[in-house]
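*Asks:* In order, the protein sequence lines correspond to chains A and B. Just so we're aligned, residue 32 is where the first sequence starts under this note's numbering, counting upward by one. Just so we're aligned, residue 189 is where the second sequence starts under this note's numbering, counting upward by one.
Read the hints as simulated data drawn from the structure, not as lab findings. Every value quoted in this text rests on a predicted model; they were computed, and no experiment measured them. It is possible that some hints are incorrect.
Example chain B residues on the side facing chain A (calculated, C-beta under 7 angstroms, incomplete) [stated by the list, open to error]: (1) L219; (2) L220; (3) D224; (4) G267; (5) P449; (6) V453; (7) E454; (8) I483; (9) Q485; (10) L522; (11) A530.
No residue lacks a Cβ here, since even glycine has one placed at the ideal position from N, Cα and C.
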Amino acid sequence: MEDMITDNQLKGISEKVFSGIRLDADDALLLYKSNDIIGIGHLADFVRRKRHGKKAFFVYNQHLNYTNVCINHCRFCAYSRSKGQPGAFTLTIEDVRKKLSDRIAEPITEIHMVGGINPELPFEYYLDLLKTIKEIRADVTIKAFTAVEIDHLAGISGLSLEKTIDILKGAGLEMIPGGGAEVLSARVRDKLFPRKIGHDRWLEVITKIHSAGLTSNATMLYGHIETLEERVKHFIRLRSLQDKTNGFTAFIPLAFHSQNTLLMDIASTTAFEDLKNIAIARLMLDNFDHIKAYWVMIGEKLAQTALAFGADDLDGTIIEEKITHMAGATSSKGLTRQKIRDMIQSAGWEAVERDSFYNEI
Amino acid sequence: MSDIEHIKEKVLSNQRLNPDDALVLFDQAELLQLADLAGQRRRDLHPEPVVTFVSDRNINYTNVCVSGCKFCAFFRPPGHKDGYVIETSDLDKKIEETIALGGTQILLQGGMHPELDLNYYINLLQYIKSRFKIHIHGFSPTEIAYLADLSSLSINKILEKLIEAGLDSIPGGGAEILVDEIRHKISPNKCSAEKWLEVMKTAHHLGLKTTATMMFGHVEGKKHIIEHLLKLRKLQDETAGFTAFIPWSFQPDNTKIDVRPATAVEYLRVLAISRLVLDNIENLQVSWVTQGDKIAQLGLAFGANDFGSTMIEENVVAAAGVKFRLPKSEIIRLIENAGYTARQRDCFYNVITAS
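Just chain B, same shape as in the assembly:
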C-alpha cells in the first residue's frame, strides 16, 4: 500500500492524521487526490450540501501600529501623516450601512497603537453596543496581548473587561505562522506563537468563540505549516473554542517581503491539507479576498464549507494590491453554481435566513 493509499484508509475510517501523513500529502499527493480526500472529510463533517457565508464589514479602528510587520501594507507608524483613529461619526455611518445591507456583525480590528489604552477599547465596545444591535467580532490575539502589556494586566483580566464591555467573539488574525522562527523573520514585534495560543486558550475558557487563521506563502516551509496546524489542533482538543479555520496566502505588493506569491494550486493544496489535518475544527473558509471568485468557488471542492464574509469593506488586503469585490448575490450565485445550497449564517455558524 502506498503512503497515499494508507492515508486514504485513515481518512475513510475517520482516523486522525499525524505530522508524517501531512508531509506525505504535501510531497506526494496529486492535486485532485487532495481534493478527493478533503472532500471526503468535508462530507463526514457536513453531510448536507450547504455552504454558508456571513454578511459583515471590516472596520479598522486604527492603522497606527508599532509592530512594523514586513508583510503588511496597511499600517502606518506612530506620528505618520496618514495614521488615523476612527471618528465616532465614521463608526456610526459604517455600522448603519452594515445593518442596512443585512449585515449581522462587524470585524473590528486595528493596529498596535501605543496611545490607545484599555479604556479606549472599553469605551469603543460600550459605545457600539449602546447604539447598535450587532455582533462584535473583534481584536485579534495580537491586539489583546499588546493591550495586556501596555496596561500591565493579565490577558485574562483584559478579556474579562472586554467581554463585559460587549466583545462577542475574537477573530483569528495575527496568527501568521505559529512558529517563532518564522515570526521573528516577518513580524518580530508581534506576540509569540505561544502568546497567541495563550490568548485564544484564555478566551475559550472565558466562553468566547474564536476563529484561527494562517498566512502562508512567504518565508515558511511545509514543516512550519504543519506545525501551525498541529498547534491549533492540540489547543482545539483542549478547548473546542475554534469555530473555523481560514488559511490565506501572503500578498506581496507594497510590502517588504519580495517573494513569488503562492499560486492558486499551492493555495488549494494548503486548503485541502488543512481540512484533513484539522479534524476537530468544524468549519473551513475559502479566502475570496486573496484568491478571487474563481479559486474561492473551486475551494468548495477542496474541503471548504464556508464562503467567509461579504466584506462590505476590506482595507488590509486591498492595501497589498489585491482588490476583489464580491456582493452577496454573487456569493450566493457561486455557491449554488457549484451545486450547494447557500445559507447566510451568524458568527457562530447558525443559519439565520433561508437564502
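Same shape as in the complex, but just chain A:
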C-alpha cells in the first residue's frame, strides 16, 4: 500500500510513519508543501486506524454562547460586539434556563459553552451558568470557557488561577474547549489578536487545567495570515505540552471564515488545505487521541470525506451554532443524529455516539 504515495519527497516520512517514529518540524513542512493529498491522507489514515479502527465518533451536544460582548476585538472575528452596539447580547441566567429547558426532551450529553470577554459580568455569573446547567441537566458534561475566558475569570475573581479553576470545577465545570489558541505565535497575535492572551499564557492556563484533573481540547485557527512554519510551531507546542500533561483529548483545526470580519479579502480555505491540515495534525500530534473534522467550519461534505484523511470525530449535532455562521459559514446550523450517522455510515465507517470523554453511549 505504500505506493499510494506519488510524491517521492514523502518517502522518508512514510517510512517514519509506518514504523511509528515521531515526525519533526521539517517533515511537517514537507507535507504541507506537497500536493499529494491522497498520499498524505493515506499516511494519516494509517495512524487513525491504528488508534480507532473504523470507528467515527460524534456527540449529541448543545451549544450555548452566553454573550458576544467582547473587549478583545480580534480582527478575525465576526461574532463579537462592543457593549451597546446593535446585535450585542448577553444571556441572563433565565435565558440559559430557557434554552436548556426548551431541549430537555433531547438526549443531550454535552453542553459546549463559550462567550466573549464581557467585563460587566461578575465571577458569580459564570458560577451561576454552571450551576444552572447542572440544576436543569444533572447528567450532562459541561465543556465550557476557553483558556482565554479562564484567564479572565482568574482576573475578576481576584484569586489564583489554580483556585479559580478549583471553584469552577466545584460549580460543575468538567472540560475545557480548545478555543482561543488561534495560532500559538507572537507574530500572528500582534497582528490579529493583540488584546487576547498570548501563547505562553494560553499554554500556562491549559497546563493548570490539566493539573487540576480536567481535560481540554486544542484548536488552531488557520487560513488567514499565518505561515506554514507557524502552523508547524503550533503543533510542536501542543505536542510538547501533551507529552507533559496528557490532558488534551482532541485537536480541532478551525478553518478561517472571513465574511463580516476585518480580513474580508482573504479567500476561503480549499478542500486541499482543509484536508492537509487535518491529516498533518493527525501525523504530528501523535500523542493526541482524537482529531476532529468540525463540519460547521468545513461543511458536511468535506467533514465526511475527512474521516478518510485522519479525522475520527465529527463533533456534534449542535443546534444554534453562531460564531462561524456569523462569519459566513454555509453549513447547516445543526445536524440530526440520524444525519450524522448517515454521513458516517455511507462513507463506510462505524458511527459511534460518544460522551465528552469518548465513552461509547
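Since the structure of chain A is already known, use the hints to place chain B on it.
*Replies:* Then chain B, alone, in the frame of chain A:
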C-alpha cells in the same frame, strides 16, 4: 492476491476493467484506494498536471416540458402560468454577456415542448449563428429524439438539419441512468436508453462530438451504474465521439423523489470508478454545481481532469435547491491550489488561452 490488488495490477498495466472488477471496486475498495487507482489512470491519460475548464452559459430556451420527470424541479407542464419560451431579446442579451465575459460557447437546452417544431430549432440556431461567433453545444438526445417523433423524421435527418443550421456539438444530458428499468421509474416519458445511445451514435457518425452524463443517487443500484458505464464504453469503442463524461448526484429538493441525497464520499467513489471503467473517454469532469467548490476540487484527486464550466447562468440544479456559484477566478484558484495548471479550453478540449 486480493481482488483489489488484482485490479491494481490491471490498472498499472493499462488493462481494461470488466463488470466484476467494477463491482469489486464499489464493494471493497477504500476511498483512498479508489483515488489512488483513478489518479494512476488519470496520469496515464493526462501526464501533464493540467486541469481545464470552459467559459460558458447555460441557456434554457424553454422550461415547458411534457416529460414530467420525477427528479426535475425545473420544468413546467404545457399551459402552466410559469412556462416560458425564450424571447430573442433575452437570448441576445444572454449571449452578448457571455461573449463579454470571455465565454466561448453556450449550452442550449430546454424541455420537451410539444409546440416547438423543427423549424423553431432551425431558426433558433440560424438566428444565433447569424448574429454571434459562438459555439453552440445544444440539445440533448432527449430533445432530439422527441423532435424526431414530433416531426416524424429520422434522427439522422433531424441531426443533419440541425448541423446545417449551426449546431456544433451535443451535450450528454438526459442520460440519467441508461437502464430502462430505472428510467421507467424516474422519467417514464423520456426516451429509452437505447434511443439515447442511438442519437449519440448517429451524431458521432455525422461528425458531432458529444459528452455523456450520468445522474445517480436516486433509485438505481450499483449494478445499474456499472451497466451505464459499460454501455457508454461500448459505444465509445465504436465511435470515439464522446469527449468527456460528467457524473453528478441527484438533488432531491423540490422534486418528487424522496431519497437521502448521495453524500460527498459516494460521489467521489462514483467519480473514481467512472475514471477507471471509462478507459476510452478522455476527459472526466467534476460537478461543482452539485457538489460545491470543496468536493469539486477534491475530485481532481479522484480522477477528474476538467473543472467543467464557469456556468455564467445555471437554472436546472438551482431549481432543485442547490445554488453554488463559482467565478472563473475562483475556478482557477482552486485548480492551482491543488497543484495543477489551470487552462481555459474550448468545447473540444483544446486549450485556448494561457491562464
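*Asks:* Evaluate each hint against the coordinates.
*Replies:* Now for the hints, and whether the structure bears them out:
no., hint, result
1, L219, "4 angstroms, holds"
2, L220, "5 angstroms, holds"
3, D224, "5 angstroms, holds"
4, G267, "37 angstroms, violated"
5, P449, "10 angstroms, violated"
6, V453, "4 angstroms, holds"
7, E454, "6 angstroms, holds"
8, I483, "5 angstroms, holds"
9, Q485, "5 angstroms, holds"
10, L522, "6 angstroms, holds"
11, A530, "13 angstroms, violated"
Checked against the numbered hints given earlier, the structure breaks hints 4, 5 and 11 and satisfies all the rest.
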